[in-house]
Amino acid sequence: MGKVRRISGCVAAAEAVRLADVDVISSYPIRPYTGIMSELARMIADGRLDAELVYAEGEHAQLSIVYGASAAGARTFTGSSGVGVTFAFEVYSPISGERLPVQMAIGDRTLDPPGDFGSEHTDAECCRDQGWIQGWASTPQEVLDMHLIYYRVGEDPKVMLPQYVCQDGYFVTHILGDVQVPDEAQVKEFLPPYKNHHILDPKKPQIIGPQIEPCMGPPQQYQRKQAFDNINEVLIKAHDDFARIFGRRYDPFLEEFMTDDAEVVIFGQGAHMNTAKAVAARLRNLGDKVGVVRLRTFRPFPTDEILKRMSRFKAVGVVDNSAQFGISGGAGVLFSEVRTALYDVGDKVKTVGFVGGLGGEMITHDEFLRMFRKLQEVAKTGKVEKRAYWLPFEL
Amino acid sequence: MSEFERIPSIKKAPDEEYYVPGHRTCGGCGPALCYRLVAKAAGPNTIFIGPTGCMYVANTSYGCGPWRVPWIHAQITNGGGVASGIETAYRMLIKKGKYTGEQPNVIVMAGDGGATDIGLQSLSGMLYRGHKVLFICYDNESYANTGIQVSPTTPYGAWTTFTPSGEVIPEGRKHFPKDNAKVVAHGHPYLKYVATGSIGYPVDLMNKVRKGLAQEGPAYLHLHAPCPKGWQFPPDKTIEMAKLAVQTGMFQLYEFENGQYTLSVQLKERKPVIEYMKHQKRFAHLKPEHIEKMQAFVDAKCAEVGITVPVVAAAQ
Amino acid sequence: MSENLFAEPNLKQITVWARGVLQNKDARDVVVALTEAAAQENKHVQAWENYVDLPDRIYVPVRAYAKISSDPIDSRYVYENDAPDIVVLVEETLVKNDKILKGLKEGGILVVNTRRSPEEILNFLVTKGNLGTIVTVDANSMSTAVVTLSGSEGATDATGIGGGISAPIAGAVVKASGIVKLENLESVVKNPAAMKRGYNECRVMKLDKIEPAQPVKEETAWDLLKRMPFAGTVDSPVSENPGMVTGNWKTRRPVIDKEQCTECSTCWIFCPDACITRTDNGMEFNLKYCKGCALCEATCPSGAITMVPELDFKE
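Protein chains in written order, with the working numbering: chain Y, 1 to 395; chain A, 1001 to 1316; chain H, 2001 to 2315.
If you're looking for bench data, these hints aren't it; they were derived computationally from the structure. Keep in mind it's a predicted model, so treat the numbers as computed, not measured. All residues carry an ideal CB built from backbone N, CA and C; glycine is no exception. Don't take each hint at face value.
[As the list claims (entries may be wrong)] Okay, the calculated beta carbon distance ranges per label pair: (1) Y/Arg244 - H/Val2216: 50 to 60 Å; (2) A/Glu1257 - Y/Lys203: 25 to 35 Å; (3) H/Asn2123 - A/Glu1292: 51 to 61 Å; (4) A/Ala1300 - Y/Gly326: 50 to 60 Å; (5) A/Lys1095 - Y/Pro218: 55 to 65 Å; (6) H/Glu2153 - Y/Ala243: 31 to 41 Å; (7) A/Lys1095 - Y/Ala243: 26 to 36 Å.
The following block holds chain Y by itself, in its conformation from the complex (with noise of 0.2 Å):
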């Protein structure tokens, strides 16, 4: 067993880099996902990680650097923040497309405007549909292991997906966490060697990434879709043993607290719901039955996973920290994937939307008490007013 450091979001990233033997990094720097590479570029330096680190001229050039490496058979990382995320746009498709199967952190900012640093899940969620598995981490020893398991379930024979690790920027970022660091034998034992048959090797040349008539369209894209179909078969039997090799247990999909009784709960990611938590423990000494779902796995969305389990709640709040303009809903993506997800269990669950910490604002005690008492409002009367709320100015 490793040992328990007190570490960042970002160091406990780059831990896990080490640990899945890495070869080919590329960087470029933006708050707050900054610090990942500053550890890995430190660990190169003093021989801990043999592995290079590319100084990419953007993040652009970040992602299409992996994308090459991870064709020529190389275990790759890249990262980024904010408007870096949305700047790599272009090449998302392609990687998922090739089925390469690189890992990206993304250390949530805002975009522009607001001009500022704070953490906005909005950078990470414009790319959500990229054919990328995509989860929200929300201490700095989930992040951790997040990146160990999402390596594995990427490059399950049976996926072979890029992924995405999400932390909050700052929050989990920069704030720091127990970490139990495994030690090197136990990731040996739970994530095997990278091996892709679709390789760029003179010795047994290919051709990847050719174009295609019309016709081959449905099939090209049915095949990642089948893909992406796989990946929660494989992530359940990844969460199982790394909980066995590791002694963490993981909810694969969502993370239930307080919940057995419960009538009303929030729902959301990241590292807000740890604060969601809190304030739904205090309600508990109450006598409130109130909880929180966390949600670990937004691609592929845990559909069933969600009407099967939430179906039971009287009312649903789901917090979106992003700003999603004229969406269905009127909140944010995961208050309208939410929905959809309930629409079958009908009238019997009622939800609420709620847009919160925009711009890096934290979101506090007070505002996820308000936001119970309106869940418990909606609970007792059977009525929604109000579809959705953008805090703190409708709540």
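Use these hints to put chains A and H onto chain Y, whose structure you have.
Using the frame of chain Y, we list chains A and H on its own:
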């Protein structure tokens, strides 16, 4: 630079083809010939990166391709970045014992858009980091795959669908072209070899490919590849156009090493640019004053690299 | 029955085949001229180019299409004509292409721009399925092809309609089919004199017997999915790329006079398609892939190579 085997003549060029028959390029396509010569010179231990352009779309239609060596598509924006990743991966995999074999030649075949315009940043990043990659621009002087639109290397006065000639803009294309070999040559410390080549001079072109691949670090070749569709000349005139471009000084053949230009072809005299332009319908709308402007521009470009022979019109 | 549900009994389809770049404009003009004329007769019309054939390459077979109907056209959003009533070849060697009559309606018409006779052209047809009438017109002697990229990629064609060889070809189509009135076609083409020559001088031959077309089995999406390689990645070819056989692009083929050939390798080095091989028996041409660009003929220093019209050869 390591040793390399020089090809002495056309007759003694290797028979092996690595760019084989079966591609949807135009009859008489200059860039296709360019690809074939580059592949022939580079040999089997080679990986090609193909940024979007004619040499991606025409070569890989549909669900196939003509390369006997590995090839991967890159976006038109990122040939240099993808090549950087491949080169680094092989270096690391060999170092870490994960690949047994020699470091392959890594060659980017970018069009003028992918090399001098939208892909220039990616090229520069690759060059400055010193990746051992041969970056080739096959220059057909337009965005040809999209149906002939102006690019930075489109000559002054050339018709494209974005630079039509009209009453207000009689010459069509108003700008003089970007000289990408010189753009990259002077500011990248690991770039020791820059050269221009032409499909009209195949032995010279192939030897420059081999010399570029023999460098310790990156090399840049700018290869002139006439386009019968875009320049509007008959497809059996591709080689004649390539040679005339050199003979008029429209395209200058040289190597640039250690801050010095070495001319690859010793011209005794230069033909006037009209001798080249008159065969191409893209210049058909130009008036004498436009031709004069072109001649003056070409004279200055020749002087820059040390082509000092006089311009002599053919005897009538 | 879905066939009946979507039937368009009054719809006429015209498919025009031509050589890329050099004849793209004339192919487009044939369909535009005929549909503009039909529009004057209050018909519903659609003229378009095959999007998948574009960007076109010099000599690649390209297709332009017309639909003309007295009813609104419901099948507008397709890539190809599925069942042409009339097939037009803007260039004669396309007759060797086995796909030209695909889907032809029973008794359909084939119009070919050639100086040769209908009988001669008939001999070259790979399949005669459903063909009822064959028409030849020597359009090249009546007008000159217009080579332009104006009007490509959905932009406006600034050069006018029916100024080139499209005019006599369209005239021949009308003579054989009566699909529009001659005076309406005359009013839309830029060169009505050439159009009328095509109408008057074309040779129309009705076939005595219509051979039935062989049914073609189309691949389903599931078939395609089964043969879809992982992520579209395919093995590199070894000596040739059978996925893109280009031999049917050529209108002329190279013929070498081995007496005159000095085996200097000039033609070999300059072939963009690697279609010349140096052998113990001298230079050999790979006609399966040769596009007929004639760079070998143009660069040969001893004049040993001659380009010969493709229809001078049966095979």
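To see whether the hints hold, each was checked on the structure:
1. Y/Arg244 - H/Val2216: 50 to 60 Å: holds, 56 Å
2. A/Glu1257 - Y/Lys203: 25 to 35 Å: holds, 33 Å
3. H/Asn2123 - A/Glu1292: 51 to 61 Å: holds, 56 Å
4. A/Ala1300 - Y/Gly326: 50 to 60 Å: Given range 50 to 60 Å: holds, Cβ gap about 55 Å.
5. A/Lys1095 - Y/Pro218: 55 to 65 Å: Given a distance of about 42 Å, which is not inside 55 to 65 Å, the answer is violated.
6. H/Glu2153 - Y/Ala243: 31 to 41 Å: violated, 57 Å
7. A/Lys1095 - Y/Ala243: 26 to 36 Å: Given about 35 Å between the Cβ atoms, the range holds.
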